[in-house]
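Fit chain B to the known structure of chain A by using the hints.
Note that the protein sequences, when read in sequence, are chains A and B.
368 is the number that the numbering used here gives the last residue of the first sequence; the numbers go up by one with no jumps.
250 is the number that the numbering used here gives the last residue of the second sequence; the numbers go up by one with no jumps.
Just so you know, these hints were derived from the structure itself, not from any lab.
No incorrect hints appear here.
Quick list of in silico lysine to any residue cross-link-like pairs, SDA-like style, CA-CA up to 20 Å:
1) A:Lys69 x B:Pro80
2) A:Lys73 x A:Cys124
3) B:Lys127 x B:Val73
4) A:Lys359 x B:Arg91
5) B:Lys127 x A:Ala141
6) A:Lys135 x B:Val148
7) A:Lys73 x B:Gly143
8) A:Lys359 x B:Gly239
9) B:Lys127 x B:Lys170
10) B:Lys51 x A:Gly361
All of these numbers come straight from a predicted model, not from anything done at the bench.
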Amino acid sequence: MRMKAQSKWSWEVAAYLFLAGLGGGAYVAGVTGDFLGAGWEVPSKVGVFLGFPSVFIGCMFLIADLGSPKNFWRAAMRPGTSWIARGTIIITIFMILDAIHIGFWVWPFPGVLANVDGARHFLGILGIIFAFATMIYTGILLGAARPIAFWSTAMLPLLFLVSALSTGVMAVVLVSSILGAAHEGPIAGLTRLDVMLIILEIFVVGFYLQATHRVPESRASALLVMTGAVAPMFWLGFAFLGLLLPLVLELIGAFALTGAGAGIAAVIAAISGIVGGLILRQVVLLGGIQAPLKAGRFEFALP
Amino acid sequence: MTRYGFVIDLKRCYGCYTCQVACKAENCTPQGVDWAKCVPAEVGSFPTALRQMLPLVCMQCAEPACMDVCPTGATTQDENGIVQVDKNLCMGCKYCIMACPYGARQVVDDWTTYFPDAEGPLDPYESWAKKEWETRRTGYGIATKCDFCMHRVKVGKQPACVEACPAKARYFGDLDDPESEISILIRRERGFQLNPEFGTDPSCYYLPPR
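Next up, chain A with everything else stripped away, as it sits in the complex:
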């Protein structure tokens, strides 16, 4: 029996899952930097500034993927049962909180929140809650499709969360570096934090793939991803670009290089890791295989 992977959700959905995660991760990194205080001005502002636009552009990709985009505003009509509706609400609240954060801290009302640390930090905590919810939701969204066992697992939200935090941190490092921040202090610290996140992500993706052994359709998904048609994308795109290369470059930057060299290594690591994060979403989407239908001894693969 040959089981076919789903083809209805394509790269636009992957881009959405990726950008929503990256935005949430960057925001968490930014607000955490803000809590740390002196020296973190640039990365914390970059993080908070990246959140809203990333998630917003991600939503544009999702709307582009809709068959009837004129009805997109109905996406939140049934939060009682539908995870898309719940996610739409979560993401909207996150975008509103981040927009307030950006508007009152950075632009167009500079100073309103800059001098009121308490209010800004409170807003940051609220925002972090919804940023985490946004990152985790991207995994739950797929998980609610129960016939697709490769998605319907508690490991997927965790995998997407760790990848989102990692790509978010890398985005902050990348944009801060482009804006001229030197590779020292906070930027070097974020790069080292990302080393830990990537190591964690390696373990999580290992557990995620291990958890596919239970039913035939998710075993087929794991085989498709690791040895089948999706394998080049998985090994080259995600394992190499998303995990190995950034990990090695960040370790070299941390231990063997100083100054500009370390900065360049961190920037290349960030670009590579961010691309890998996008490819991870696409790999998971392409690996989605529906459960076969069973009647007596027969198992029917859906066409």
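Same frame as chain A, but now just chain B:
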């Protein structure tokens, strides 16, 4: 209360695909949309190999997974247990396609010709079918599905695939009536639902294969 249901006798089905074609003829579905379809499977190896066909329709589940995940409220269940999609409310997110264990939902972008290598506009029959497709509950970019031919049932006819089945493998009736033909068949011949582990309580029952 009425709960419309199907019984499909796997012993009788020989996989002629008449149900699939009858559905197309009745509902004018475009290429890529098969509300009723037949899926083959094999088990064992020579000399004990067996082949079985599995005819599928929308199961009109009592607990429809597609309705749970629908974010817009376009999916509803009517008083007869039929799961309906409102084409004006659906936004085409395709979440229902992912959530349905039975592959009942399909989405299509356009009504294109069935003739290979055909150029130019659709022929008159296809144009008529395209118009029919567009004026019913259906359309492009939105989720579409079988509704047990409610437009026929309302005027006292059987669903098109049931009427057309030459093997008489398909039965249509009311699950809530214990004396209906399908209720008796389910009781007497050990009717079962496909993949009950998904908890959708389908209204389509199957009689065991040989």
